[in-house]
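*Asks:* Sequence:
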Amino acid sequence: MFTWNEDMIRFLQDASEQSDYHRLLAKYLAERLPQNAHVCDAGCGLGYLSLRLAPYCRQVTAADISPEALAVLHENCIKEGITNIETRCGAIDAMAPDPPYDAMIFCFFGTGDEALRIAKKQCCGPVIIIKKAWSEHRFSIGKQKLSHEGYEDTMALLENLHIPHRGETLEMEMGQPFRSVADACRFFEIYDKSGAAVTEEAVKVRLTSTGNETFPWYLPQPKIMGIITLDSSDISEL
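Under this note's numbering, think of the first position of the sequence shown as 979, with each following residue one higher.
Read the hints as simulated data drawn from the structure, not as lab findings. From a predicted model like this one, the values you see are computed outputs, not experimental measurements. It is possible that part of the hints are untrue.
Claimed, not checked - Think about it this way: if two alpha-carbon atoms lie no more than 30 Å apart in a straight line, the pair counts; the simulated DSSO-like pairs of lysine-lysine are:
1. K1110 / K1182
2. K1201 / K1182
3. K1098 / K1005
4. K1005 / K1201
5. K1099 / K1005
6. K1098 / K1057
Please model the complete structure; the sequences and the hints are all you need to start from.
*Replies:* Shown next as structure tokens:
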């Protein structure tokens, strides 16, 4: 289970609030959703995608196992006056809705098998699965191959199961702003998977100077996503 800590939360808050990434992604996804739909953002994390989906949906259910993550979303809903987001805390496979969701989004959450199994029981419309379409860990000092299931793996799974689907890739910038170089070092200490030494010298060569008083340093990160769309009615019993 993914566990948040205070530093991880604040880093993602800074990245999300200083970027148009979630707004642009939500606009892209909305074109693939039914109108006036009740949509589930499965494994929503801090809920920034849910926030940006809300204007396009009748209701958004933001589901996550972390109360700390959902607390951030709750605060942002109050701050922005958003009233059509419902949060559900717990394991999503144990929280089946009645009636089923009109659509479900699995954004970097779970395996393809898990998404299909959950969507089969909980959704009556389109299912959107978003997977990493890059091969190396983005936040490591040294080179490190990803160990999680990616876009091509999920596409192969659907082919093997003979489930009709459409796959496309989308590249968007979602980097990390920093308040100091020390902050950037802390970020790499948390996320590095390569085992390489996290030194100020090694970190600084990855950063660009912004001239921004609050966030003087930035880690550029183009994010290539694989976006897979299918219909829950086409999912066979797994």
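*Asks:* The structure should be examined with respect to each hint, and the outcome stated for every one.
*Replies:* Structure-based check of each hint:
no. : hint          : verdict
1   : K1110 / K1182 : holds (25 Å)
2   : K1201 / K1182 : holds (20 Å)
3   : K1098 / K1005 : holds (25 Å)
4   : K1005 / K1201 : holds (17 Å)
5   : K1099 / K1005 : holds (26 Å)
6   : K1098 / K1057 : violated (35 Å)
The structure is inconsistent with hint 6 alone, although it conforms to all the rest.
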